[in-house]
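Undergrad: So the protein sequences, as listed, match chains A and B.
So in the UniProt record's numbering, spot 205 of the first sequence is number 205, and the numbers just go up one at a time.
So in the UniProt record's numbering, spot 267 of the second sequence is number 267, and the numbers just go up one at a time.
If you are wondering where the hints come from, they were derived from the structure by calculation, not from laboratory data.
As the structure is a prediction and not an experimental result, all values here were calculated from the model.
Please note that a few of the clues may not be correct.
[As the list claims (entries may be wrong)] Derived pair list, reagent style BS3-like, types lysine-lysine, alpha-carbon separation capped at 30 Å:
1) B:LYS191 - A:LYS135
2) B:LYS136 - B:LYS115
3) B:LYS156 - B:LYS193
4) B:LYS156 - B:LYS174
5) B:LYS191 - B:LYS136
6) A:LYS139 - B:LYS193
7) B:LYS42 - B:LYS174
8) A:LYS137 - B:LYS193
9) B:LYS136 - B:LYS193
10) B:LYS156 - B:LYS191
11) B:LYS115 - B:LYS193
12) A:LYS92 - A:LYS137
13) B:LYS115 - B:LYS156
14) B:LYS193 - A:LYS135
15) B:LYS136 - A:LYS139
16) B:LYS191 - A:LYS137
17) B:LYS191 - A:LYS139
18) A:LYS137 - B:LYS136
19) B:LYS136 - A:LYS135
20) B:LYS156 - B:LYS136
21) A:LYS139 - A:LYS92
22) A:LYS92 - A:LYS135
23) B:LYS115 - B:LYS191
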Amino acid sequence: MSVVDLSKLAYPENNLRSFLDSVCETHELDYAAYAGMNPIAQSVHGVVNYPDAWQTRYVEQGFQTRDPVLTTAARSIAPVDWQRMRGDEAFKTVFREAHDFGIAEQGLTIPVRGPFGDVGLFSVTRNCSDDEWSKLKSKILGELQNAAVHLHDHVVHSHELTRVLSHPSLSSREVEILQWIAAGKTQQDVADILNISNRTVEVHLRSGRSKLGALTTSQAVGRAIGLGLVYPL
Amino acid sequence: MIIVVDGVNRDRYTRLLDEMFALRARVFGGRLGWEVDVRDGKEIDQFDHLDPAYVIGVNDAGRVVSCVRALQTTGPHMLSDVFSSILAGEPPLRSPTIWESTRFCVDTEALDRGKSRNSVGYATCELMAASLQYCKDSGITDIVTVIDPVMNRVLKRSDCAPYDYVGETVPMGKVPAMAALLDCTDERIEKIKAFAGIEGDMFVDEATAQALADPADAPAPAPIEVPQLVKEPVVTQSQLAEYCMDQVLDAHTAEELEAAQRLASALAQAGMIHAGH
Numbered sequence: 001m002s003v004v005d006l007s008k009l010a011y012p013e014n015n016l017r018s019f020l021d022s023v024c025e026t027h028e029l030d031y032a033a034y035a036g037m038n039p040i041a042q043s044v045h046g047v048v049n050y051p052d053a054w055q056t057r058y059v060e061q062g063f064q065t066r067d068p069v070l071t072t073a074a075r076s077i078a079p080v081d082w083q084r085m086r087g088d089e090a091f092k093t094v095f096r097e098a099h100d101f102g103i104a105e106q107g108l109t110i111p112v113r114g115p116f117g118d119v120g121l122f123s124v125t126r127n128c129s130d131d132e133w134s135k136l137k138s139k140i141l142g143e144l145q146n147a148a149v150h151l152h153d154h155v156v157h158s159h160e161l162t163r164v165l166s167h168p169s170l171s172s173r174e175v176e177i178l179q180w181i182a183a184g185k186t187q188q189d190v191a192d193i194l195n196i197s198n199r200t201v202e203v204h205l206r207s208g209r210s211k212l213g214a215l216t217t218s219q220a221v222g223r224a225i226g227l228g229l230v231y232p233l
Numbered sequence: 001m002i003i004v005v006d007g008v009n010r011d012r013y014t015r016l017l018d019e020m021f022a023l024r025a026r027v028f029g030g031r032l033g034w035e036v037d038v039r040d041g042k043e044i045d046q047f048d049h050l051d052p053a054y055v056i057g058v059n060d061a062g063r064v065v066s067c068v069r070a071l072q073t074t075g076p077h078m079l080s081d082v083f084s085s086i087l088a089g090e091p092p093l094r095s096p097t098i099w100e101s102t103r104f105c106v107d108t109e110a111l112d113r114g115k116s117r118n119s120v121g122y123a124t125c126e127l128m129a130a131s132l133q134y135c136k137d138s139g140i141t142d143i144v145t146v147i148d149p150v151m152n153r154v155l156k157r158s159d160c161a162p163y164d165y166v167g168e169t170v171p172m173g174k175v176p177a178m179a180a181l182l183d184c185t186d187e188r189i190e191k192i193k194a195f196a197g198i199e200g201d202m203f204v205d206e207a208t209a210q211a212l213a214d215p216a217d218a219p220a221p222a223p224i225e226v227p228q229l230v231k232e233p234v235v236t237q238s239q240l241a242e243y244c245m246d247q248v249l250d251a252h253t254a255e256e257l258e259a260a261q262r263l264a265s266a267l268a269q270a271g272m273i274h275a276g277h
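This is chain A alone, in the form it adopts within the complex:
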């Protein structure tokens, strides 16, 4: 996987930016942007890989306070396709300008809700026809959901206090499954050993990865060992 694992890098914003770049590259997208709010740290984070000229223009115009993409998606649990907002006047205002900077109006925003009332908004764009867009979207949406939460959790946990409050709490099932994986068993092996379905193993692995802030199962195992949740074998 070519996705940058954020937790392996030091915090500076340029690493967040390289994460956005790698998401774009992996999923055939033009641009990506993240905006998030951490009510515990009382801080706001934003990172984009849009052209610098558009970033400047966006902030100059104060679009971040009236961009309907952000205000709408924050109230949704599902990804919001920007096609839903094409009739909206505020949307037209922002995207008429964006167009001059080469930003397409084909895009979507994924809302992330965290445990502390923290909210993150992850947006991606791609200049293509409606048809191509809907095909691409159904192919990459699950991966984008994962990327959105990974990015959001990383930004939220970059604050010391949030990190202390959110020690990963794995269930005993999740730990048990990671322990078998650490012992070299495949997912199907684990399912057979525990007498549960492969899909149940998958669901617990996914949850374990998310709680440990890991993109892959091997990263999750490594981190679980580091935290003393799983014994190295």
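Put chain B on the given structure of chain A with help from the hints.
TA: Chain B only, in chain A's frame:
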């Protein structure tokens, strides 16, 4: 037919939402005898204030006949906050691609028996298939759903048996509750649709969605509060420091004392209080 109402469009569908909360009051507060809070004939809980998504079934007359509620498992949801006894003290699943579904119900009084489009069976299957479809279209792969044994039997009978369960079946008020896992796959959706004879698009078209919206002359709903990404600090340093001091002084056990001290030192390290406190 099915309509999705969420935080984005809920100001246009106050009638549908009121009917839905009333249906939930009759089903959960009345027929099933769950311990829920019913006020003015409506069942509304704390999670309804978190902008969940509702998948709502309406009949040809535009009346609400079924509903279910979805929340992300990355944030606050019922299994993490109020149904934790099902998990016997274990932390809940958390994943970007798993949503939680709760408050699934159908109106058994407005619907009849049999297999027609106006039957309990059809409405149940349509809501199940449509909610799975809505999740799948959002990039979601699995649902964890809090149900009672009656609903569990309905799922099994409708060719939609859960592929597994998490936690245990525990009494929740007068009835037992359990958490089941369902995959949001085409295979499962097609099986349910075939079982009930559902054909074509289950979701309302644009014209029907508009017809279901509140009339234009209805009293304007309260303006939607635009979420503020930038917020002023609401707690001062001295209030935080005072809070930490209270926690330390009020600690009754060694663990509580240690936890209070850990919090204070974390806050000090984060520069949110002065280390001297």
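Undergrad: Is LYS156 (chain B) within 30 Å of LYS193 (chain B), Cα to Cα?
TA: 14 Å, holds
Undergrad: Below or equal to 30 Å on CA atoms is what counts here, so check LYS137 (chain A) against LYS136 (chain B).
TA: Measuring from Cα to Cα gives roughly 12 Å; hence the hint holds.
Undergrad: Under the criterion that the straight-line Cα-Cα distance not exceed 30 Å, is the pair LYS115 (chain B), LYS193 (chain B) satisfied?
TA: Distance of about 12 Å is within 30 Å: holds.
Undergrad: Does LYS174 (chain B) lie within 30 Å of LYS42 (chain B) when you go C-alpha to C-alpha?
TA: Holds, at roughly 20 Å.
Undergrad: Given the hint that LYS136 (chain B) pairs with LYS193 (chain B), does the C-alpha gap stay at or below 30 Å?
TA: Status holds; Cα separation ~15 Å.
Undergrad: If you draw a straight line from the CA of LYS156 (chain B) to the CA of LYS174 (chain B), is it 30 Å or shorter?
TA: OK: LYS156 (chain B) and LYS174 (chain B) at ~23 Å, within 30 Å.
Undergrad: Is LYS136 (chain B) within 30 Å of LYS115 (chain B), Cα to Cα?
TA: 26 Å, holds
Undergrad: Taking 30 Å as the top limit, are the C-alpha atoms of LYS136 (chain B) and LYS139 (chain A) close enough?
TA: 11 Å, holds
Undergrad: Verify the proposed pairing of LYS156 (chain B) with LYS136 (chain B), using a straight-line Cα cut of 30 Å.
TA: 21 Å, holds
Undergrad: Given the hinted pair LYS191 (chain B) and LYS139 (chain A), is their Cα-Cα distance within 30 Å?
TA: 23 Å, holds
Undergrad: LYS156 (chain B) and LYS191 (chain B) were given as a pair; does the straight-line alpha-carbon distance stay at or below 30 Å?
TA: 12 Å, holds
Undergrad: Is the straight-line distance between the alpha-carbon of LYS92 (chain A) and that of LYS135 (chain A) 30 Å or less?
TA: 24 Å, holds
The earlier numbered hints are all upheld by this structure, with none contradicted.
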